[in-house]
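Residue numbers (our numbering), protein chains in the order written: chain A, 1 to 95; chain B, 96 to 622.
Hints may be right or wrong, so weigh each one.
[As the list claims (entries may be wrong)] With the Cβ distance kept under 10 Å, some of the chain A side facing chain B (calculated, not the full set): (1) 14; (2) 15; (3) 42; (4) 44; (5) 45; (6) 49; (7) 56; (8) 59; (9) 86; (10) 91.
[What the hints assert, rightly or not] What follows is a list of derived Cβ distance ranges for each label pair: (11) 95(A) <-> 166(B): 35 to 43 Å; (12) 11(A) <-> 437(B): 42 to 50 Å; (13) 85(A) <-> 437(B): 40 to 48 Å; (14) 517(B) <-> 87(A): 46 to 54 Å; (15) 85(A) <-> 585(B): 57 to 65 Å; (16) 87(A) <-> 471(B): 47 to 55 Å; (17) 10(A) <-> 470(B): 12 to 20 Å; (18) 168(B) <-> 87(A): 49 to 57 Å; (19) 472(B) <-> 93(A): 48 to 56 Å; (20) 232(B) <-> 11(A): 28 to 36 Å; (21) 296(B) <-> 94(A): 28 to 36 Å; (22) 94(A) <-> 232(B): 34 to 42 Å; (23) 506(B) <-> 85(A): 34 to 42 Å; (24) 472(B) <-> 85(A): 42 to 50 Å.
To be clear, the hints were calculated from the coordinates, so they are not data collected in a lab.
Where a beta carbon is used, it is the ideal one built from N, C-alpha and C, also for glycine.
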Amino acid sequence: MPDRTRGLSVLSRVAAAALGGYACAAAVSVWVSHIVPAPRVEGVTTGLLIGFAVFVGAVVWVFAATTARRAWAGVLSVTVLFAVMAWVAGPVPAP
Amino acid sequence: MKTGFRQSMVGVHTWAGLVVGWVLFLVFLTGTAGYFDAEIDRWMQPERPLQRETVSAERAVEEASARLSRAAPGAERWFIGLPGPRDPDMTLFWRADPSAGGGTGRVEIDPTTGAPVAARETGGGQFLYKLHYRLHYMPAVPAYWIVGLCSMLMLIAIITGIIIHKRIFKDFFTFRPGKGQRSWLDAHNVLSVLALPFHLMITYSGLIFFAYLYMAPVIAATYGMGEEARDVYFDERFERDSIPARTGIPADLTPLAPLVREAERRLGDGMLGYLNIHNPGDANARVVIVGGPATPSRQRTGLTFDGVDGTLLTVSAPDSAPMTTYQTLLGLHEGLFAGPILRWFYFLSGALGTAMVGAGLILWTVKRRARIGGTPGFRLVERLNIGTIAGLPVAIAAYFWANRLIPVGIGARAAWEAHVLFIVWAAMLLHAFLRPARRGWREQLWLAAAAFGLLPALNAVTTDRHLGVTLPAGAWDLAGVDLVTLVLGLAFAGVAWRLGRRARHEVRAGGRRAESGLRARGSEAAE
Chain A
1 MPDRTRGLSV
11 LSRVAAAALG
21 GYACAAAVSV
31 WVSHIVPAPR
41 VEGVTTGLLI
51 GFAVFVGAVV
61 WVFAATTARR
71 AWAGVLSVTV
81 LFAVMAWVAG
91 PVPAP
Chain B
96 MKTGFRQSMV
106 GVHTWAGLVV
116 GWVLFLVFLT
126 GTAGYFDAEI
136 DRWMQPERPL
146 QRETVSAERA
156 VEEASARLSR
166 AAPGAERWFI
176 GLPGPRDPDM
186 TLFWRADPSA
196 GGGTGRVEID
206 PTTGAPVAAR
216 ETGGGQFLYK
226 LHYRLHYMPA
236 VPAYWIVGLC
246 SMLMLIAIIT
256 GIIIHKRIFK
266 DFFTFRPGKG
276 QRSWLDAHNV
286 LSVLALPFHL
296 MITYSGLIFF
306 AYLYMAPVIA
316 ATYGMGEEAR
326 DVYFDERFER
336 DSIPARTGIP
346 ADLTPLAPLV
356 REAERRLGDG
366 MLGYLNIHNP
376 GDANARVVIV
386 GGPATPSRQR
396 TGLTFDGVDG
406 TLLTVSAPDS
416 APMTTYQTLL
426 GLHEGLFAGP
436 ILRWFYFLSG
446 ALGTAMVGAG
456 LILWTVKRRA
466 RIGGTPGFRL
476 VERLNIGTIA
486 GLPVAIAAYF
496 WANRLIPVGI
506 GARAAWEAHV
516 LFIVWAAMLL
526 HAFLRPARRG
536 WREQLWLAAA
546 AFGLLPALNA
556 VTTDRHLGVT
566 LPAGAWDLAG
576 VDLVTLVLGL
586 AFAGVAWRLG
596 RRARHEVRAG
606 GRRAESGLRA
616 RGSEAAE
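Let the sequences and hints guide you as you build the complete structure.
Given below as structure tokens:
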């Protein structure tokens, strides 16, 4: 792979890790905050607790994927999946 | 494929650690000092009495409320922080009613006399502790974001570090001294693995402190956008709505002594932490007394009393499971529950973390010296390493010197203590870029040795709170600061001396050995 292409591929992965990883973490956390069967404050607190673990997992996935395209596809599909599930579940109503 | 994966993770580990390594070094170093923040506070105010008789909570609260009713009648809230085992003084804080401008006030008082603590203005240990998460010379929120970004990269570096580590158990006992790069790798591994649970806990929990900021969408998805919505979340989290609003109808505040007696009866003598008095002087006054043993889960019991007739209204319920997890992470990070021995373990673990970051940064240069030693990028990393790993300790020592040497009573004294730290750090970075690398290391390490090692002597010359007084008196909080700086001075001198000896050997060997001073430093750490 020529240097330039390789550089762009690394840059693309860094973007996928930072932006995609964050979006992924936020989507999963929001989903968790919506489905915890407890008052809403507990679900939201649980969501805040797990976000960074999801973020790390996403970053590892992005750099483990064979190509930058697959890395993007992976984080984005997980993000969309959980965002949709979170939207369907909806927030826990106010007490 | 398998090697490909490992190789990728090595890359992520290396670069995640490198780009924020210097900030992480600052965070670990000042955070570690922060475990002895109260002790450093005491050391930095030598005017405070050597030891103080303890007073009952009842009497302390009486002194405090007398002062508060003079200083802030009709406040929205008074706070009385009772004397604790690490801080013999009492902290009073008040927030004026929003209708009266909502200003705040704060004073430290001596619980035996009720008079304000008369001591020099200083940033104290609190400055170092705050530096580790809110930096300096910038507004708080951008600082939280910077430290958060660095912490996230730290977390990534830890997880990828574990993945690429093939033999955690074996490496635990592996240290091959005197082998240059191999020794640095071993040192980095041992430092990382030895305190791995601490490193993981401290990094993850550090992120949790400001998760409400970093993960704001999670709150927004349920509570809506904006700060007001966030406040609703916090109100629900801390059950703040249990305090009713001010009515405007005046009513005398109930005497606090009986409430303190009742709280001590329920929570244990001497176990009270602090009091919050909401709406004092109003018909809706509430007195919340918090106490009980300090635990890792920050679960102290809160007793809410009616502030007019003094009846006990509620006893705080135990936290829910998510809140307990949340509080435990924060509690473990702060270590406020730790007694003296555990506190030392916190300090040592923090020191291991600092050394881990430092060794990782040095390893980056040792590994690449032969290949890219002359490039500007390499030089930048090498010089930032010198100016931070050796230079920042010099700057912190200078902060202690500033505390003793800046004349007492001048304006903005505490601010100047902080300026001294940053001026010296800037000077060390400049020095690192101007001097040849190996000389730069040696000179700054010798400087660090002198700055820390001579601190007890400076203390003896400038105050009567030196080792000759504090040791016989058994004032271990004060003596401990002097002794730790002495040990640090000796340690820096030892490293600097060995670096110099290695350099002399190489000159004698006719420059046959092309190894760097850094490699010499690696081998000495092992011997």
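Min Cβ distance, residue 45(A) to chain B: is it shorter than 10 Å? Hint holds; residue 45(A) Cβ to chain B Cβ min 4 Å, cut 10 Å.
Pairwise beta carbon distance, residue 85(A) to residue 585(B), judged against the given window 57 to 65 Å: Between residue 85(A) and residue 585(B), where Cβ atoms are some 59 Å apart, the hint holds.
For the hint 34 to 42 Å, verify it against the beta carbon of residue 94(A) and that of residue 232(B). holds (41 Å)
Chain B contact restraint for residue 44(A) - C-beta distance below 10 Å: Holds, about 5 Å.
Against the range 12 to 20 Å, how does the distance between the Cβ atoms of residue 10(A) and residue 470(B) compare: consistent or not? holds (19 Å)
Cβ separation of residue 472(B) and residue 85(A), checked against the hinted range 42 to 50 Å: Once the Cβ atoms are compared, 44 Å apart, the range 42 to 50 Å for residue 85(A) and residue 472(B) holds.
Taking the Cβ atom of residue 296(B) and the Cβ atom of residue 94(A), is their distance within the range 28 to 36 Å? holds (34 Å)
Just tell me: holds or violated, for the beta carbon distance of residue 472(B) and residue 93(A) against 48 to 56 Å? Since residue 472(B) and residue 93(A) have Cβ atoms about 55 Å apart, the given range 48 to 56 Å holds.
Given a hinted range of 42 to 50 Å, is it respected by the beta-carbon distance of residue 11(A) and residue 437(B)? Cβ of residue 11(A) to Cβ of residue 437(B): about 45 Å, so the range 42 to 50 Å holds.
Just tell me: holds or violated, for the beta carbon distance of residue 168(B) and residue 87(A) against 49 to 57 Å? holds (52 Å)
Should the hint that residue 42(A) touches chain B count as held when the rule is a Cβ pair under 10 Å? holds (5 Å)
Can you verify the interface hint for residue 49(A): is its Cβ closer than 10 Å to any Cβ in chain B? holds (6 Å)
In this structure, the hints that do not hold are numbers 2, 23, in rising order.
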